[in-house]
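J.: Sequence:
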Amino acid sequence: MAARWRYVKSALVGASLWGIGDFLGQSYNIHKHRSKRRMQNKMLTERSQILLETDNEPNKQYVVESSLFGLLVGFAAHHYQRLLIRTCGTLYQRSILCFFLLGIQQMVWTPLLLLSYFNSMTAARGFFSNPSLMTAHTAGAQGRHNVWSIQKHIIENVMPTPLLTSWFVFCPLFWFAYIGRRRCATVLRVAIALPWCSSVALAQHRELV
Numbered sequence: 013m014a015a016r017w018r019y020v021k022s023a024l025v026g027a028s029l030w031g032i033g034d035f036l037g038q039s040y041n042i043h044k045h046r047s048k049r050r051m052q053n054k055m056l057t058e059r060s061q062i063l064l065e066t067d068n069e070p071n072k073q074y075v076v077e078s079s080l081f082g083l084l085v086g087f088a089a090h091h092y093q094r095l096l097i098r099t100c101g102t103l104y105q106r107s108i109l110c111f112f113l114l115g116i117q118q119m120v121w122t123p124l125l126l127l128s129y130f131n132s133m134t135a136a137r138g139f140f141s142n143p144s145l146m147t148a149h150t151a152g153a154q155g156r157h158n159v160w161s162i163q164k165h166i167i168e169n170v171m172p173t174p175l176l177t178s179w180f181v182f183c184p185l186f187w188f189a190y191i192g193r194r195r196c197a198t199v200l201r202v203a204i205a206l207p208w209c210s211s212v213a214l215a216q217h218r219e220l221v
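If you're matching positions, the sequence shown starts at 13 in my numbering and goes up one per residue.
Just so you know, the hints here were simulated from the structure itself, not pulled from any lab data.
From a predicted model like this one, the values you see are computed outputs, not experimental measurements.
DSBU-like mimics (lysine-lysine), calculated; alpha carbons at most 35 Å apart, straight line:
#, residue 1, residue 2
1, 72, 44
2, 21, 72
3, 44, 21
Could you build all of it, start to finish, from the sequences and the hints given here?
T.: So, in structure tokens, the structure goes:
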């Protein structure tokens, strides 16, 4: 029963982190656009007026989509942690193992996590087939639009900052594992990871959709 609860808790924490992170990212982006519009103080075109009316509050569907992604991440993280425990044992007071697993996390799993998030959110929101987005990222001398052009944009322009800031998330998490911090561990993980999830969602809304 306890093992099943840990499984469910991991999924719920993941869903909450990515869902709330998306909401906060959208809210900040909306606030930024409102401030920019007020500073510009220009006449709104009909299209701008429509955007202004529809951008007044965070898109609930986007929050749900991010929550579902977080749910899957939570499930995967739980199984990955169990695999580490079975194969490597505890990380308590094992510095070399902590550094090794941190390297794998940052060189393999975090880039895959970001690439999966940006692609799944862009696909779920139907923008791989959207001409306006594809026009912004062209590939080839003839200006042809394809999926690789979006991948190139994600890898070169969208991923670097979240990947860099992820060190401020996973380094403390592995430090907690090294010192054997168990008390309030979930609260601490959420407090550290939530700002990063919000920044990832913000990058999604700014650079993609």
